[in-house]
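Put the two chains together into one complex, using the hints given.
In order, the protein sequence lines correspond to chains S and F. Here the first sequence stands for residues -6 to 413, where the numbers follow the working numbering. Here the second sequence stands for residues 78 to 243, where the numbers follow the working numbering.
What the hints contain is simulated information worked out from the structure, not anything from laboratory work. Mixed in with the good hints there might be a few duds.
[As the list claims (entries may be wrong)] Chain F stretches covered by chain S per the calculated footprint, using a threshold of three residues with CB under 8 Å from any CB of chain S:
no., segment
1, 89 to 101
2, 132 to 142
3, 145 to 151
4, 169 to 180
5, 202 to 210
[Said to hold, decoys possible] Straight-line Cα separation of at most 20 Å, SDA-like style, residue types lysine to any residue; simulated pairs:
no., chain 1, residue 1, chain 2, residue 2
6, S, K149, F, D107
7, S, K163, S, P276
8, S, K149, F, I227
Everything numeric in this text was worked out from a predicted model, so none of it was measured. Where a beta carbon is used, it is the ideal one built from N, C-alpha and C, also for glycine.
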Amino acid sequence: MPQTITEKILAAHSGQDEVRPGQFVAARLDLMLGNDVTAPLAIEEFRKIGAGELAEPARVVLVADHGTPNKDIKAAEQCRVMREFAREHDLDHFYDVGRAGIEHALLPEEGLVAPGECVVGADSHTCTYGALGAFATGVGSTDLAAAMATGECWLKVPETIKVVYRGERKQWVGGKDLILDTIGRIGVSGAVYQALEFCGEAIEALPMSDRLTMCNMAIEAGAKNGIIAPDAVTETFMKSVTSRPYRAVVGDPDADCARTLEIDCSQIALQVALPHLPENARPVGEVREVSIDQSVIGSCTNGRIEDLRMAAEILRGRKVHPNVRLIVIPATPRVHLQAIEEGLAEMFLRAGGALSTPTCGPCLGLHTGVLAKGERAVATTNRNFVGRMGHPESEVYLAGPAVAAASAVLGRIAGPEELS
Amino acid sequence: MSELRGRAHCYGDNVNTDVIIPARYLTTSDVDELAAHCMEDIDPEFVRKVHPGDMMVGGENFGCGSSREHAPLALKGAGVSCVIAKSFARIFFRNAINTGLPALVCPDAAAAIGDGDELSVNLAEGRIEDATTGRTYRSEPFPEFLRQVIAAGGLVAYTKARLGAT
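Just chain F, same shape as in the assembly (with noise of 0.2 Å):
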């Protein structure tokens, strides 16, 4: 897996699907329509700055809420390359799984981290360097089984390939 790079996007504790993606554009799976209206509710400006390959960065339970698939796809279609949290929402932690958005658990990143800040992560070592700080990160290492899931390259190519296999 490549380096991701990119600025960091702070937005604190229970950041929830309403506010990633209003249910009011549920109404299509369109992942460009999505990304249009990605954190409208408290950021209207997001959108606006967000830089392919940014990242999220939330305190605790990041993800909170509804099974909206649409949360990860928005977030992934508005350019942005990974979310470093304290904790996540289990669903929304699936459903980015399962949808190749990478979610890395990592509280010390997650508290230290300031808006702006440049960061670099190394996906396969699970490392989280802050050039703007100086600092650097490892986040929790996946379980076996998602490592699995994530190698296959989300759900949808893992269950083909089990499903193939048998």
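One chain only, chain S, in its complex shape (with noise of 0.2 Å):
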């Protein structure tokens, strides 16, 4: 049977030729990810499981970057427990403040995912990978804990919905344009329990950074996991950070699809989901005179150098709205250092916006920019559910580097177009 690039990733790490949708199976893991926040819970599981020793300590990945640095004593405390577990088992892939990055932004970079592989993390944003061409799955804490004792995590076989993008895309619109657009169409349980393939001409001659916005947020559709297809991008990307080898997997083109999608991406102007769904997506044209207090440039979503470099560029020779506080948060160190050597640093300081250290902080209204009652904010995370940048009756709208930057210089939610 012709099998889709999911089932074929979830057949070879199961042990068998070929696996169906809705088929229950006990998946190999390469890697299994947990962070400040899941982490500790799934230690403390880990313990009442009494395995004792890990797995497969080398494909265990722990990286503290929720509440760090460290915002209060209790995020401390949930980091130590992660730091002393990492050192009881000699981990090699903890990621403490300093080498700590974003996790899906930094284990990219890391080397640490390749196309073909099998990775579980408790963060929903695991499907970031995808774009690697990898299967990649969020899953819980107790979840984790069972997958460091056994080094298997059980999972039911998902359905495929393609997505075919063709055309052009237009100016500044990225992949953080396209993937609002597809949740706008299929809802934020469009592809709940299934798995979003991203094909066509618009997705090959589409950039890695931007791949990995779009499968980041595979997540906010509901879909298991986002994927594209290993391709000369992939293996570019791939080179850049890592030299070991792997065995890239691609889908047979007849496969069984739950639903194909068709997006002209030449049609798609810059997004902005509005309040309280990432399934509000509009053009931001449609979206006028809507004031903002804050303006995020970040996240595992839009926090690579791409992204910045598009919001300096916005940003160049100009200045932050006087009643916007713009943060910028590089994702991983290295963008931070990326950013500082080109400049870009410089750039957002004097704008007048200000440079905080990697950290996921805002983007879940845990630190480092949360909002107060009725303010509002655009931002270049993931979700604008109620109270998730902070008051329950504050708002977020989610867009791309290039709205959030020409936002900050405005005021008010636009594009960079409205910039003279």
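Structure, rendered in structure tokens:
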């Protein structure tokens, strides 16, 4: 039977020639991930299992990225639990402040995920790694605990929805706009329990950073994983981060899909998702007179160097609006250093923006940019649920870096074409 | 498995994990502390009006958003005995099964049950009774693999037994 890329990877990791949607498999994992919010609970559950040793210590990755640099004593205690566990088990892949970046930007950069691999992470945005042609999905803390004890995870093989992107993107339009537009079409439950496979000529032409952004937000349509078949772009990216071998997997062209969607990228404008669901996507031109108090550029969705470059290009020689706090957060120490070396950091500071050390902080309303009652932010993050960035009566508008930067200058939601 | 009894608390489609337990409380795994803030951003009265045994009733995509296992833990801690929905977000569903919070898929029940209705649920049979309206529903059965996890008492116990057996 012809199979999709997702089915092939899950078959290969469960010792079978083929698997079908709906089937349960125990998949051998190439990597398992936790962070300072989910790992402490996973560690507690791991101890309850009583396995003692990790099944595959070299495949366990722990990243202190959410409440870090430790925002308060409780956050510090959470990180301590993780740090002590990492030392106890002599983990190679524990990333602490200074070396830690936002996990889903950090792992690809460190070459820890490769095409054809199977990854679970106790973080919903683990689906990001599908951009590398891997099967990657979010699980909970107890799942991570069981994975650490056994090296495996139970998974239900998902059906696949193929989204075919054609045509050329307009200026400034990036992966964030394509995925917001897609979620706008299918809704936040449009792909529940399914794989979202992104393909077509516009995907082939899409740089890796935008691919990572798209797969990152597959979860916002409820998808189990987002995935893009590995190609020359993937290969070039992998060569730049690791020399280790991997086995790329592609799907059969005639594999069964639950649904195929065709999208003409030339018709997609810069997108903004209105509160309080990512599916409320609109062309930026339709969002009129929405003043903002804060603009956040960063996160696992859009905190890579390419995002910062785009924002800096718009901010060059301009000033952040007096009523706006611009917070720029490079996703990893390497991106931070690059931003300094390329002069982007100086540009953000001269424009009147604040530059933070890598952290998930404001995206989930933990720290470094929490909103007060009634405040409104435009953010390159991934969720705009009630209370996501702070007070339950605050609002988050999701957008890409071009809109976040232009809005920071104008003090209201706007695209870069509105700047003189 | 015994029969669960309690009142329905209805919250509609796309109840996300950020509202079940806001991220600002995720610096602890203490169930009582989590329970004290359960649902507060969309219903500050929830923790005062929920009684042990009560049930959450959601629409489509219940538990969407983050992977935080603190969400089912907060619901359990608040006294919620099971969640009935038209559909679940998959990570929440995993977390619920893994931590022993019954999550029942039953579109008809989820559509018809009203806020405050008196419910009883027989988990073994998947039977949901609404004493307020007199209607009875059947939830979708769990796949065989999940029945094993549930029968073992959750994923920790299941994994422990599996490791012990090898």
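Evaluated hints:
1. With 8 residues carrying a beta carbon less than 8 Å from a beta carbon of chain S, the segment 89 to 101 of chain F meets the three-residue requirement, and the given coverage holds.
2. Taking a C-beta to C-beta cut-off of 8 Å, the segment 132 to 142 of chain F contributes 4 residues in contact with chain S, enough for the three needed, and the coverage statement holds.
3. Under the rule that three or more residues need a Cβ within less than 8 Å of chain S, the assignment of the segment 145 to 151 of chain F holds, with 3 such residues.
4. Residue count for the segment 169 to 180 of chain F with a Cβ under 8 Å from a Cβ of chain S: 4. That meets the three needed, and the coverage hint holds.
5. Coverage of a stretch by a chain is defined here by at least three residues with a beta carbon nearer than 8 Å to that chain's beta carbons; for the segment 202 to 210 of chain F and chain S the count is 0, and the condition is violated.
6. For the given pair, S/K149 sits about 30 Å from F/D107 by alpha-carbon distance, which is inconsistent with the 20 Å threshold.
7. A threshold of 20 Å between alpha carbons decides the hint, and for S/K163 with S/P276 the separation of about 13 Å falls inside it, so the pair holds.
8. With a C-alpha separation of about 16 Å, the suggested pairing of S/K149 with F/I227 holds against the 20 Å cut-off.
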